[in-house]
Amino acid sequence: MVTDNLSPKRDLAHVRRETGVIRESLGYRVFRIVNVVALLLVCAVTLYPFVNLVAKAFSSEGYIAAGEVNLIPRGFNFATFQVVFADEMFWTNYANTFLYTAVGTVIAMAITTTYAYALSKPHLKGRTFFVGIAVFTMFFGGGLIPNYILIASYLGWRNSILAIVVPGALSVFNLLVMKSFFENFPTELEEAAAIDGLTTYGVFFRVVLPLSKAVLATMTLFYAVGLWNSWFSAFLFMDDKSLFPVTVYLRNLIAAATGTPELTDGGEAAQVASNIQAVTMLLTVLPIICLYPFIQRYFVSGVMLGSVKG
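Counted the way full-length UniProt numbering counts, the sequence shown spans residues 1 to 310.
Because the hints were derived from the structure by calculation, they are not lab data. Worth double-checking, as some hints may not be accurate.
Claimed, not checked - In silico SDA-like pairs for lysine to any residue, Cα to Cα no more than 20 Å straight-line:
hint, residue 1, residue 2
1, Lys-121, Val-207
2, Lys-213, Ser-171
3, Lys-213, Leu-189
4, Lys-241, Phe-98
5, Lys-121, Leu-209
6, Lys-121, Leu-176
7, Lys-125, Asn-159
8, Lys-125, Phe-136
9, Lys-213, Ser-180
10, Lys-179, Leu-211
11, Lys-121, Arg-29
12, Lys-241, Met-109
13, Lys-125, Phe-204
14, Lys-241, Asn-159
15, Lys-241, Leu-283
16, Lys-125, Tyr-201
17, Lys-241, Phe-90
18, Lys-121, Val-203
Unchecked claim - Label pairs and their computed distance ranges (CB to CB):
hint, residue 1, residue 2, range
19, Arg-23, Lys-125, 58 to 64 Å
20, Leu-41, Pro-210, 39 to 45 Å
21, Phe-136, Val-285, 31 to 37 Å
Positions of the beta carbon are idealized from the N, C-alpha and C atoms, including for glycine.
Starting from the given sequences, assemble the full structure and let the hints guide the process.
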């Protein structure tokens, strides 16, 4: 009997799985190159202004006025930082900012998580009404003067931390994002926890929240950044300088430096006026930059809440 000595055809897909080598088409390689170049350009455009501000913050007044500061500090100068750091009020206001941000974020997250979890339940009576109330505030507001009268006069929150952390405690956008997340939460886990004897609050605090780290970290970052950068509420409702956040302090410092009549003297006042904006932005953004790496892994997951999951 004659046997066929020809070897059978090999499964190319099987070979690729074994070797781990998949040939890329020319079009895909071109796409990757264009994609990398585009992303590098976006990064450069995004980072250049910040790097330029850092360079100006440490440069001397002469080089800044001549427009010779680009990405590297020229005539290294620390005068503006010394003026800011030597003021005890700066450290008091900086501590206030940490306090306002921490308290405000806790209050905002408590309200947002509980409200969103309740709205995520289809059997909630009046669910459409409560969603409508929240969405209504996105398009209509009472205005600046009624808001000021309500907070300063009727509620008596002038020179109080409540005037900063309470009025903006709920972001409807964050509420709707978190509501969408809770609606996609596996109901089987909640039912199993209820069978084990947990109450509604027990299910929420011991099952739902521990499994929602991505959305919690994302919303915490949004609220914290908003509160950290906020200055208008304190500008309206605070009269005592010792209660100002650091944003108001630096705003007043900019106004004083740019309005001083000694700018032509070439002394410390001129140096402070030349790079006070750069120093201000650097000191304001630095804590947020230090915070971001610790929650980056949760943030990346949190911003993909609406994506398709396999």
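Against the structure, the hints:
no. : hint                           : in the structure
1   : Lys-121 to Val-207             : holds, 16 Å
2   : Lys-213 to Ser-171             : holds, 19 Å
3   : Lys-213 to Leu-189             : holds, 16 Å
4   : Lys-241 to Phe-98              : holds, 16 Å
5   : Lys-121 to Leu-209             : holds, 15 Å
6   : Lys-121 to Leu-176             : holds, 13 Å
7   : Lys-125 to Asn-159             : violated, 39 Å
8   : Lys-125 to Phe-136             : holds, 19 Å
9   : Lys-213 to Ser-180             : holds, 15 Å
10  : Lys-179 to Leu-211             : holds, 15 Å
11  : Lys-121 to Arg-29              : violated, 47 Å
12  : Lys-241 to Met-109             : violated, 28 Å
13  : Lys-125 to Phe-204             : holds, 19 Å
14  : Lys-241 to Asn-159             : holds, 10 Å
15  : Lys-241 to Leu-283             : holds, 19 Å
16  : Lys-125 to Tyr-201             : holds, 18 Å
17  : Lys-241 to Phe-90              : holds, 10 Å
18  : Lys-121 to Val-203             : holds, 13 Å
19  : Arg-23 to Lys-125: 58 to 64 Å  : holds, 60 Å
20  : Leu-41 to Pro-210: 39 to 45 Å  : holds, 41 Å
21  : Phe-136 to Val-285: 31 to 37 Å : holds, 34 Å
Violated hints, listed in ascending order, are 7, 11, 12; each of the other numbered hints is respected by the structure.
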